[in-house]
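So the sequences go chain by chain: A and B. Sequential numbering of the first sequence, starting at 22, is according to the working numbering. Sequential numbering of the second sequence, starting at 41, is according to the working numbering.
Keep in mind that the hints were calculated from the coordinates and are not lab data. Mixed in with the good hints, there may be bad ones.
What the hints assert, rightly or not - In the DSBU-like style, the derived pairs of lysine-lysine whose C-alpha atoms are separated by at most 35 Å in a straight line are:
#	chain 1	residue 1	chain 2	residue 2
1	B	K298	B	K378
2	A	K43	B	K126
3	B	K415	A	K151
4	B	K299	A	K64
5	B	K126	B	K58
6	B	K227	B	K343
7	B	K57	A	K54
8	B	K113	A	K54
9	B	K378	A	K64
10	B	K321	B	K131
11	B	K298	A	K54
12	A	K78	A	K54
13	A	K204	B	K131
14	B	K203	B	K264
15	B	K298	A	K64
16	B	K87	B	K455
17	A	K43	B	K57
18	B	K321	A	K64
19	B	K343	B	K203
20	A	K49	B	K323
21	A	K204	A	K43
22	B	K415	B	K354
23	B	K113	B	K58
24	B	K264	B	K455
25	B	K455	B	K415
26	B	K426	A	K78
27	A	K151	B	K58
28	B	K87	A	K151
29	A	K54	B	K227
30	B	K321	A	K204
31	B	K126	B	K113
32	B	K378	B	K203
33	B	K113	A	K204
34	A	K64	B	K57
35	A	K145	B	K415
36	B	K50	A	K204
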Amino acid sequence: MEWYQILAVISAFLCITLLTTKLVNLIKLGLPKELSQPSGSVKDGIVYSFTGAMSPKAKESAYMHMPTYFAGIVYHIGTFTSLFMFPVILLLSDILESLPQIIIYLVAGGLAISAISGAGILIKRLITDKLRYFSSADDYISNFLTTAIQAVTALIIISAIPPVLYYITAAAFFIWLPLGKTKHLLYFFFARIHLGYFYGRRGTWPVSKKN
Amino acid sequence: MRGNEMDIKKPLEILSKKDDSKLETNMNSCVKCGLCAESCMYYLAFKEPQYVPGAKAELVSSIYRRYNTFTGKIAPSLFNAKELDKEMADKMVDMLFGACTMCGRCVKHCSIGVDIPYIVRKGREMLAVMNMVPATLQSTVDAALNTGNNMAIPQEEFVDTIKWMEEELIDEMEDANARIPLDETDKNVFYTLNPREPKFFPLSISAIAKVFYAAGESWTISSKYYDVTNYGFFNGNNDQAAQIAGYLYDEIHKLRGKKLVLGECGHGSRATRWEGPGYLKTKFDFETITAVELIASYIREGKITLDKSLNSTKVTIHDPCNLVRNGGLFNEIRFVVKSAVSDLQEMSPYGEDNFCCGGGGGALAMSEYNERRIKIGAIKAQQIAKSGAKVVITPCHNCVDQLQQLNHTYKLGVKIMTIAEIVADALVINKQ
Numbered sequence: 022m023e024w025y026q027i028l029a030v031i032s033a034f035l036c037i038t039l040l041t042t043k044l045v046n047l048i049k050l051g052l053p054k055e056l057s058q059p060s061g062s063v064k065d066g067i068v069y070s071f072t073g074a075m076s077p078k079a080k081e082s083a084y085m086h087m088p089t090y091f092a093g094i095v096y097h098i099g100t101f102t103s104l105f106m107f108p109v110i111l112l113l114s115d116i117l118e119s120l121p122q123i124i125i126y127l128v129a130g131g132l133a134i135s136a137i138s139g140a141g142i143l144i145k146r147l148i149t150d151k152l153r154y155f156s157s158a159d160d161y162i163s164n165f166l167t168t169a170i171q172a173v174t175a176l177i178i179i180s181a182i183p184p185v186l187y188y189i190t191a192a193a194f195f196i197w198l199p200l201g202k203t204k205h206l207l208y209f210f211f212a213r214i215h216l217g218y219f220y221g222r223r224g225t226w227p228v229s230k231k232n
Numbered sequence: 041m042r043g044n045e046m047d048i049k050k051p052l053e054i055l056s057k058k059d060d061s062k063l064e065t066n067m068n069s070c071v072k073c074g075l076c077a078e079s080c081m082y083y084l085a086f087k088e089p090q091y092v093p094g095a096k097a098e099l100v101s102s103i104y105r106r107y108n109t110f111t112g113k114i115a116p117s118l119f120n121a122k123e124l125d126k127e128m129a130d131k132m133v134d135m136l137f138g139a140c141t142m143c144g145r146c147v148k149h150c151s152i153g154v155d156i157p158y159i160v161r162k163g164r165e166m167l168a169v170m171n172m173v174p175a176t177l178q179s180t181v182d183a184a185l186n187t188g189n190n191m192a193i194p195q196e197e198f199v200d201t202i203k204w205m206e207e208e209l210i211d212e213m214e215d216a217n218a219r220i221p222l223d224e225t226d227k228n229v230f231y232t233l234n235p236r237e238p239k240f241f242p243l244s245i246s247a248i249a250k251v252f253y254a255a256g257e258s259w260t261i262s263s264k265y266y267d268v269t270n271y272g273f274f275n276g277n278n279d280q281a282a283q284i285a286g287y288l289y290d291e292i293h294k295l296r297g298k299k300l301v302l303g304e305c306g307h308g309s310r311a312t313r314w315e316g317p318g319y320l321k322t323k324f325d326f327e328t329i330t331a332v333e334l335i336a337s338y339i340r341e342g343k344i345t346l347d348k349s350l351n352s353t354k355v356t357i358h359d360p361c362n363l364v365r366n367g368g369l370f371n372e373i374r375f376v377v378k379s380a381v382s383d384l385q386e387m388s389p390y391g392e393d394n395f396c397c398g399g400g401g402g403a404l405a406m407s408e409y410n411e412r413r414i415k416i417g418a419i420k421a422q423q424i425a426k427s428g429a430k431v432v433i434t435p436c437h438n439c440v441d442q443l444q445q446l447n448h449t450y451k452l453g454v455k456i457m458t459i460a461e462i463v464a465d466a467l468v469i470n471k472q
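Kindly generate the complete structure, drawing on both the sequences and the hints.
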C-alpha cells in the first residue's frame, strides 16, 4: 500500500470507530421513558415516519422546493455510492478494471451528476441570505468535502486523476464525517425514530383521515 | 449578573442531561438546509432569516456544541459553537419566547425530522433557570401557582359564575334538577375548564353542561382546582409545571373522580395528558381524555342525539396544534363536528398541516409580543377568509381568544365557537 492509501484507510477506520461509538451510545440512551397513557401505536408511528411521512407529497420541504429536493436525493445517492466505491477501489481494483467500460462510465456519469448537485447546493448556501445567516464553516466544509469525494470517485474510476488525489480527498472526507454535520447520516435515523415514537404514541401518525 | 457575565452552570446542566437519546439526536441532526422556513408563520410573516425555525434551533444547538462536544470545545468558530452569555440569552428570549409558538408545523415538514419545538422548549428551560422568562408569562404561571387558576379568579367569583350558569341551564332545560355540580365526590367525570371560560366566555360552560345533561352524565367541577391550563409547559420551568399538574392530580383523587376530562384547551390538554405524568413522575391511575373524545363517545354510543339542520351555516375548523398535530385528535374532531353541522368547509391547509392561530406557545400571555402575534395571525385570517365559512369551530379557548382578535383586526365577520357550543346548539333534548 502507498502512504496515501494507508492514510485513507486509517481515516476510514477512525470514522467508523467514532460513528459506532456514537451509535452504541444512542442505543444505550434509548427512547424517552413515557408515563402517559398512549392512544396510538409506537411501532406504526415509527414505520410511518420512515415511509409515508418521508413521501415528497407529505413534506413542504420537498413539494415546495422540488429542484432542491431532487438535487438532495441525487446528492445522497452519490454519497452512498462513493462510500461503497471506496473499498472497491482500494481492494478490488482488478475487478473494477475488468468491468465493461460502459458500466464504469455510467457510474462515473452518475457521480458527476451528483457532484454537480452537491455543488449546486453549496452555491445555493453561498448566495441565499437566509441560509448564510445561520451557516458556519462546517456547513461549507461538509458540503464541499462530500461533493469532492463524489467528484474524485467519478474521476478515479475512469483513471482521470492520480490516485494520491483520490485517497487524500477520501481521508479528509472520512475524518470530517463524524465531526461535522455529515454525521447526520447516523442521527437522521434516530431523529425519524423519535418522531415516529412521539407522533405514533399520540395517534397522529400514521395519518388516516377517516372522515 | 455583571456586564456580560452570568451564572451559566444551571442552564448548561439542562443540555448535559442524558435521560435518553432525544436531546443528543436533536442537537446533532439539523443540516441547516433552511427548507423549514416556509413552514413557519413567523418567517412567512416577516421574511427575515432569524425567524427560520432551523436558525432558532441553532441558538440552542450552538451552545450545546460549545460545552458538550469535543469539536465545539477545540474549534468553536469552525462549528458555530457559541458561548452562553448575556447577549446570547437575550437573543434566545426574543426568538424562543417571542418568535415561536412551539406549534410543531416545521417538524412535520423538516427534511430530517428535527423536533424543533423540543429544542425550543430546552432553550426555554435554560432561560427559566436564569430567571429570564418574560414577566407577563411568568405572572400567568405565578397566578396559577398561587391561586389554582391562571387568571387568579377568586373562588367565590367562580362559584357565583357557576351558579349563574346553572340557573341558565335550569331555565333552558325547563328542569329544576338540571345541575352544574361543584365539588361532588365519586363522579364519573371530573371536568376541567380554561379560566377564560368563567372569566370571559361563561356560556361555553353552560354549553358543556347542556351536553352532560343530555347525556345523563355523572360529573363534577372542582370549585378550586378546575384549571386545565398549564403555562409551566410554556415558561420552561418543570418544577412549576409539576406543581400546577399536581393540583388537578390531587383534586381528582380528593373528589374520587373516575375520569379526568380535559376542557377545550389545546396546550392544557397536552400539558396534562401527555406531559403531566412526566412532570409528576408517575402514571395516572385514572383515565385522561379530552372533552372532544368524550362528546364523540356520547354520539357513538347514542347517549346524545344531534340534529345537523340546527347548524346550517357554513363552518370551518381551526385545528389546535396541541390537539391535532401534537395530540392525534384529527378524526375525533371531524367526527363530532360533522355530526353537529350540515355544511363544513375545511381550511387549506388543515389537519396536521394546519397553521397555528398565532396565540400558542404562551404568546397570548406575552403582551411584549402582541404586534408579532397579530401579524403572524394574518396567515390564519387569510385561511379563514378563503374558506368562506361564517363560523370557525375550535376546541381550544386560547385559540378562541386569538381568533377573536384576528376576527376584529382583519374584519373577518365570523363567529368563533367551541366544540361544546356547536354540539349544544345541535342537541335534540327530549324534555319529558
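- prompt: Which of the listed hints are not met by the structure?
  reply: Hint check: nothing fails, all pass.
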